[in-house]
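K.L.:
One-letter residues, chain by chain:
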Amino acid sequence: MISSMVHWVRRIVADFDATHREKATALTVMEMEELENIFALLLLGSFAGFPSPPTFLAVELLPYMERELQILCKRAKDCNDMLAEMCGTIGID
Amino acid sequence: MKILFFTGKGGVGKSTMSAASAWQLSQNHRVLIVSLDPAHNLGDVFGVVLNHKKQRFTDSLYLKEVNLQKLCREYLQREIRVFTDTYRYLQTINLDSYFSVLKYSPGIEEYALLTSIEETVRSEKDIDYIVFDTPPTGLTLRFLALPWITMTWIDRLMQIRRDILEKRHTIYRIRGILDDKETILSYDENDDDILKRLKTLNGNYQALSSILQGNDCGIVLVYNPDTLSLKESKRLIDGLRELKLPLRLLINNKIQKKYTAMADHVDSVIKSLAPAVPIQRVAFSEHLLDGQNSTLYDIEETILSPFEMK
Chain X
1 MISSMVHWVR RIVADFDATH REKATALTVM EMEELENIFA LLLLGSFAGF PSPPTFLAVE
61 LLPYMERELQ ILCKRAKDCN DMLAEMCGTI GID
Chain G
1 MKILFFTGKG GVGKSTMSAA SAWQLSQNHR VLIVSLDPAH NLGDVFGVVL NHKKQRFTDS
61 LYLKEVNLQK LCREYLQREI RVFTDTYRYL QTINLDSYFS VLKYSPGIEE YALLTSIEET
121 VRSEKDIDYI VFDTPPTGLT LRFLALPWIT MTWIDRLMQI RRDILEKRHT IYRIRGILDD
181 KETILSYDEN DDDILKRLKT LNGNYQALSS ILQGNDCGIV LVYNPDTLSL KESKRLIDGL
241 RELKLPLRLL INNKIQKKYT AMADHVDSVI KSLAPAVPIQ RVAFSEHLLD GQNSTLYDIE
301 ETILSPFEMK
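Chain order of the listed sequences is X and G. The opening residue of the first sequence carries number 1 in the numbering used here; numbering runs sequentially from there. The opening residue of the second sequence carries number 1 in the numbering used here; numbering runs sequentially from there.
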């Protein structure tokens, strides 16, 4: 009984800790994803009509860009409601 | 090793002048002449059939025509291989072949040319002089500008990448790993594939640009005594100055006695644009007209006499 209580308390503390850690890094995560989005946009800008770097540079890095491309697509999908997204991250209801 | 690039408008005699220079240099040095022009005529000048490989002409003179299409194909094959390795799972449903569309990427030609120069300079250690016969002005300026354009982009991209890794590190330190199944994003410079690739590319381009701007490299501008050639030469001189590439010699080619006044005028204009660069005059060769003489590379003037590469 006591051991299950201890286990239960431990889980609450761990979840509490994880939530706070998540919250503390939310803004940095968003900044990081934005940077990754910018990186992909700069490199593959021709998709969106931007001037692009020499083609072979994009070709050279493309095989390693899976994550960045996913973020680029996600941002393109969410771009109509970026304000709501930012408010959510900052914690404004 | 000294490197010479012969540039100029199409048809001014770049191939003949570069071939003649290579021939004259080969009397005392080991020389390799490489044609980068997609419309090759180096083999015609020397009266031999050349392929993509280096060919011996004399004991001290080697000839090579670069097959641009083959180079592009080889480069893209390498890239497509990386793609198919990364997306190996697509092989199971036979979709990997769709990456072959990459071979239609624009701008690959300039890159292939530059890679060919870099490989030649790197591999030919026992050669004293490498003479490059380049394509006409537009393409030449584009591929010579490529290292600087690319390095500017690489520099900016590396900066952003470092910022991303720094943020990833901060997040990792605060947040840690919350779930066993979570993928840890690389935050160390040595673990990030993109930054590693950018660093390698940057190193290659820095080495190449220091070769191109160095004392052992020289650009030779060939022109004719006519207005069109003069105008294009002006653009080329401006372009080379912008790229900080060393123009070492000017060759006024195909001068005929009846047009000496025009040749003088063209020389005076060119001289005002590049006062420190010596001018060599080469007379119009009658051999070009009769088509009988196969030794087109053996001309009377000593082409590289006005300048000596220190």
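For the record, the hints were derived by calculation from the structure and aren't laboratory data. Hints are supplied without guarantee of correctness; some may be wrong.
Simulated coverage check for chain X against chain G, where a stretch passes if three residues somewhere in it have a Cβ under 8 Å from a Cβ of chain G [stated by the list, open to error]:
hint, segment
1, 3 to 12
2, 18 to 24
3, 51 to 61
4, 78 to 87
A virtual CB, placed ideally from N, CA and C, is assigned to each residue, including glycine.
K.L.:
Any of the earlier hints contradicted here, and which numbers?
P.N.:
Checked against the structure, the hints that fail are numbers 1 and 4, while the rest are satisfied.
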